[in-house]
Amino acid sequence: MGKIDTLDKKILSIIMRNARIASKDVAVECGVSRAAIHQRIQRMIDLNVITGSGYTVNPKVLGYATCTYIGVNLERGAMYRDVVPELEKIPEIVECHYTTGPYTMLIKLFARDNEHLMDLLNNRIQNIPGVTGTETLISLDHSIHREIPVHLDED
75 MGKIDTLDKK
85 ILSIIMRNAR
95 IASKDVAVEC
105 GVSRAAIHQR
115 IQRMIDLNVI
125 TGSGYTVNPK
135 VLGYATCTYI
145 GVNLERGAMY
155 RDVVPELEKI
165 PEIVECHYTT
175 GPYTMLIKLF
185 ARDNEHLMDL
195 LNNRIQNIPG
205 VTGTETLISL
215 DHSIHREIPV
225 HLDED
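The sequence shown: position 107 = 181 (this note's numbering), numbered continuously.
Be careful, since some hints might not be right.
Pairwise CB distance ranges (calculated) [claimed, not checked]: (1) R186 - I218: 20 to 28 Å; (2) H171 - A139: 19 to 27 Å; (3) T174 - E103: 34 to 42 Å; (4) D156 - V102: 45 to 53 Å; (5) T80 - H219: 22 to 30 Å; (6) D79 - N197: 46 to 54 Å; (7) L211 - L121: 34 to 42 Å; (8) G151 - R186: 18 to 26 Å; (9) Y172 - G105: 36 to 44 Å; (10) H225 - N197: 27 to 35 Å; (11) D99 - N201: 46 to 54 Å; (12) A110 - G151: 40 to 48 Å; (13) G105 - A139: 17 to 25 Å.
Listed next, the in silico SDA-like pairs over lysine to any residue satisfying Cα-Cα at most 25 Å (straight line) [to be verified]: (14) K182 - M192; (15) K98 - I88; (16) K182 - T206; (17) K182 - D156; (18) K83 - H225; (19) K98 - Q113; (20) K83 - T130; (21) K134 - N92; (22) K98 - Y129; (23) K83 - T125; (24) K182 - V205; (25) K163 - N147; (26) K77 - V224; (27) K134 - I88; (28) K84 - D187; (29) K84 - V102; (30) K182 - Y138; (31) K84 - Y138; (32) K84 - H225; (33) K134 - T210; (34) K163 - H190; (35) K98 - T80; (36) K182 - I167; (37) K84 - K134; (38) K163 - N197; (39) K134 - N188; (40) K163 - R117.
The hints are simulated quantities; they were obtained by calculation from the structure and are not laboratory data. Since this is a predicted model, take the numbers as computed values, not measurements. Glycine included, each C-beta is placed from N, C-alpha and C at the ideal position.
With the hints as extra help, turn the sequences into a complete structure.
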């Protein structure tokens, strides 16, 4: 990955707080031109420093009241590559991680309610070839959601 400098870090810290901020406002805060901001942001996208953009939607408003983390065990860890495409077919799954520890994988999903969750577990996830077991952890509250901090004093 290419090196990012103090200006890049300052830009990141601003746009991470408010992705909808106008480039001219970022430019004013950084003391550079709007064109420089556009060029810097595009460069950070090209370097995979910035990997996405968009809006954060509240799943509850869309009818998904149950946030769940599911530890998944596989017959063999190497089956991860085969299981992930099957999990991708389940739109309620929003994250999937290949992990160390008691589970081969940890997934995060949203269900409408417990009945929907049970259907996803019993009829979808546990029927994927290679899945030998699951452990379900229902989130009762979501307290912290943030990006990793950008330290401006490091170069």
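Against the structure shown, which of the earlier numbered hints fail to hold, in ascending order?
8, 10, 13, 27, 28, 31, 37, 40
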